[in-house]
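Go ahead and model the full structure; you've got the sequences and the hints to work with.
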Amino acid sequence: MWRRKRMLQDLEQEMREHIEMATQDNIDRGISPEEARYAALRKFGNVTRIKEDAREVWTVVWLEQFMQDVRFALRQLGKSPAFTIVAVLTLALGIGANTAIFSLTNALMLRPVPVRNPNTLVELLHHYPGEPAFNGFSWDAYQILRQNHVLSDLIVDSPDTFEIHGQAIEPRTVFGGYVGGTFFESLGLQPAIGRLVGSEADNLGHPVPVGVVSWSFWKNNFSSDPSILGKQIVINDTPVTIIGVAPHGFSGLNEEMSQDVWLPLSMEPVIHDAPLGWGSVGLIGRLKPGVSLEGARAELAVLFQSAIQTPDVGPYVRKMDFEMRSASSGLSSPIRQMLNAPVRVLMAVTSLVLLLACANLAGLFLARGASRRQEMAVRVCLGAGRLQLMRQLLTESFLLSLFGGLLSVLLAYFGGRGLLRMVTSGRDIVGLPIHAEVLARPDWRVLVFTGTITFVTAIAFGVFPAMGLSSQPASAMQQVARVGESRPRRLFGKSLIVAQVALSTVLLSVAALFVGYVSHLRNVDLGFRRDHLLLVNLDLGRSGYDAEQWSRLSQDLLTQLQALPGVRSATFSGMTPMLGAGASSFASVDGHPEVHETISINFVSPHYFDTYGTPLLSGRDFSTSDEHGPLVATINEVIAHDFFGSRNPIGSYITLDHVTGRGNDTPKYQIVGVVADAKYNDLQQQPPRTLYLHAFQEDHFVSQLSLRAAMNPESLTGVLREKVASVLKTVPIARITTMTDQIDAAIVPERLTATLSAWFAALAALLASVGLYGLLAYTVSRRTNEIGVRMAVGATGGNVMRMVLVEALVMVGSGLVIGAPLALWSKLLATKLSPDLVANGSIWVLYGVVALAIVTLVAALIPARRASRVDPLVALRCE
Amino acid sequence: MSTKEQKERIELLQGTLDLLILRTLLLGPTHGHAIAKAIEFRSDDVLQVEQGSLYPALHRLIKRRWISVEEGTSENNRRAKFYQLTPKGRKQLTLETSKWDKLTWAIARILRSTEER
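Protein chains in written order, with my numbering: chain A, 1039 to 1917; chain B, 8 to 124.
Read the hints as simulated data drawn from the structure, not as lab findings.
For every residue, glycine included, the Cβ atom is placed at its ideal position computed from N, Cα and C.
Careful: at least some of the hints might be erroneous.
[Claimed, not checked] Which residues of chain B face chain A? A few of them, derived with a C-beta cut under 10 Å, are:
(1) Gly39
(2) Ala43
(3) Lys70
(4) Leu118
[Claimed, not checked] Chain A residues, not near chain B, derived (Cβ > 12 Å throughout):
(5) Glu1055
(6) Ala1078
(7) Val1085
(8) Pro1152
(9) Phe1172
(10) Thr1348
(11) Gln1600
(12) Ser1741
(13) Gln1742
(14) Ala1858
Structure follows, in structure tokens:
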């Protein structure tokens, strides 16, 4: 660039020199000085044309033109900074909202796993009706499912958590898994060093204690030292020899769970000391070429049916339904399933926001175009073609979009981090740590997405206002002379406002619906008191206590805690409500073998029901003296109703199919009490059948401590830590939280939807009112003259104000009339997407309508007042 | 001057000016006026260059990096731009020259064969 500049600057001087030299030559030949100069000039040619030619050598024409357009557009935008700032911010918010939500969608659902042909991978699942799907089959079912004709391979991938320790490895828990012999080969993975698990994995008769570790594990624990091969690590007390390192970047098929250790499937029965029963063999299939997901699902479902009809399969498993999903972007996981609906709702919401932003900007551009009509007309008269005018306007809108898009990436990045913080608040979702960088890492998909919507947006709001510009000098000048707007343009401007009002109505109503739902969830009767409860999760993993010691120490702790001022009562339990998982089993009661149902189980110490405020309806609470007595149980009302009907359950015996892990005996529990129903793991669902067993009767290591406080529960944290440390010397506290926080963490998807859609709706309403304000302010200023005339002939300020307000009312009214049915319809849609939404009436739509009417009319008041204060003299003089 | 005007003059073919400039610069760096003079002189004034058009051509060659430019002083002690062949330009000259030779040979052959008929 600088070269070109210098060349052109020096050209003139150089040409002058040339002509002078030529003149001198001519003089030397004896020609008269005057004639000599003339001849030299003639010989040289047209100086101006030569300069042009030289310039052209350096110019790429379209680029030059484009740069000129850009420079001009920048100048134009700089001239009206308020317009530019509003437009860029509107765009940034509209595009940013979409980018943020899309990043989340991308991370959760779209990003492919780094293996060979991820598109043909499918995940095999089964689920009990009404429960989340789960990928865990038995060895026998695996053998049956293998006999299909639709999969080219059936890969075993069973994730698990491992307690590992070893030389130079600090004892800790890592994610890992058991893999079948074809796992690494079929996924196209090559070892970084050593070798990967192969066919030895499938020989159950000869388990080989070997393992493969991840690249990051190798790097972090062994500093990428190749001597790792042949070293031993201890996994759940079983020593395993490391034979290889998985390739860089591979951390299993599950994006949210970074796996570090893989063992052959044959080691699973060894480490768990149990055969490969239901739940222990995870299956990934690879579709044969040309086979559809549906086709494969149909055939495998048949095989699955025959697999669960074999005699040694339990009744629970027999009720399972088969399910199959694409695994191209990794395996399904609780978080994925949980966030699926909210993310879709939010995608819909953000696209509406963007649509609204476009309408808003189109309105702005229209008004701006009208006030620039004079400029445009002058340019037309000076010879600018229609295409040139269009190009100019489009360059402006593209520049605005570009700035908006760039700003939106920043917004989305920080907004996205905020989202993640919210998603992960309180607790690891269902026990899974999400590594933030996985979700926040932007990739080309996000950039392409943002780029595309930026481009489309620019066209959407830039093209329409550019149309209708006249390219004939005469008519262009006529347009300038006309004081008012042409009718179609005025209608278009108004309909943009109507569209914005309608869209905001939809967004506000839907947001109100979600917010209402969350507040419903926060206040719904749980069957226990959620306030003043402090929850402490103890990590018993490496305490070293045996059951006897643990039982004694934990009861000591309870006694000491209950003596503390500020503590009403304290209790231990296996689970606390909404923690995310729980035990369940099939149960029946003596004398009624025909009633055989699933029940949820919790192990609780005495005073659990006091602490939680769950009323004891009949019988008694557990007591410390039960510890060495006969087995006892407390049931909730649902069990009492389902198993006993109107009979009195107290004193009857209840039997569990399998649960307590004491070999094959099926213990009987005598029912000593009936308590009121309480929600267990799910706020949305009805309380399940819940059986409470005594925490200290069998050797259960219950680790959840709950305190009911007489004051703010968090203020007890300090003294609680001291007590725990003094009584339980080897037990660290994993986490302290309050029940309210735990409940909030359990409704993250709902809160996410509610909070975000509320923000977006507020944004939408703001944009709509800014749009209305802008349009009215603009019309009032255009009509100053007319208003002046009206006032001069007797109209009062009130009349004028009414006139403007009526105009606003008509627009807002039409928007609401169009918006309300749309809102009702989208509410239906929303309830379909998140089936748990309670669709309690159309009251939320009403809220949306009222809120919007108020906001927009406030926005209309300002220009209306200004109109009413027009001074007729000033107005008439401005003509 | 009058004698020269009587000679038959040939307009330059498109693109040949570039070739002539390169060839002229093979003798060493020189300034614009000298290049124009050299072309006219060496063609025995048959080739008539509109001297101004030399400059866009020089710019074109600089842009292609076939020649480079330097400040210098002319014969009569004036500051002037001296143009100079780059190695790339030298290569280009060989290439263009052989192309030119082939072209003239081929055209000459065709013209002669029509004459014979």
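Quick rundown of the hints versus the structure:
At its closest, the beta carbon of B:Gly39 sits 5 Å from a beta carbon of chain A; the interface hint therefore holds under the 10 Å criterion. Checking B:Ala43 against chain A: minimum C-beta separation of about 8 Å stays under 10 Å; hint holds. Of the supplied interface hints, the one on B:Lys70 holds, with its beta-carbon coming within about 6 Å of a beta-carbon of chain A, less than 10 Å. Interface hint status for B:Leu118: violated, as the beta-carbon distance to the closest one in chain A is roughly 31 Å, over 10 Å.
Once the 12 Å rule is applied to beta carbons, A:Glu1055 is inconsistent with being away from chain B; the minimum gap is 6 Å. Not every C-beta of chain B lies more than 12 Å from that of A:Ala1078, the closest at about 8 Å, which undercuts listing it as non-interface. With a least CB separation of 7 Å from chain B, A:Val1085 falls inside the 12 Å interface cut-off, contrary to its annotation. In this structure A:Pro1152 is separated from chain B by more than 12 Å, as the shortest Cβ-Cβ distance comes to about 44 Å.
Non-interface status of A:Phe1172 relative to chain B is upheld: no Cβ of that chain comes within 12 Å, the nearest being about 68 Å off. Listed as a non-interface residue, A:Thr1348 keeps its Cβ farther than 12 Å from every Cβ of chain B; the least gap is roughly 80 Å. Distance check for A:Gln1600 against chain B: the nearest CB is about 90 Å away, which clears 12 Å, and the non-interface claim stands. Listed as a non-interface residue, A:Ser1741 keeps its Cβ farther than 12 Å from every Cβ of chain B; the least gap is roughly 76 Å.
With a least CB separation of 77 Å from chain B, A:Gln1742 remains clear of the 12 Å interface cut-off, as annotated. Distance check on A:Ala1858: its Cβ is at least 65 Å (rounded) from any Cβ of chain B, clearing the 12 Å threshold; non-interface status holds.
In summary, the structure is inconsistent with hints 4, 5, 6 and 7 from the numbered list given earlier, while agreeing with the others.
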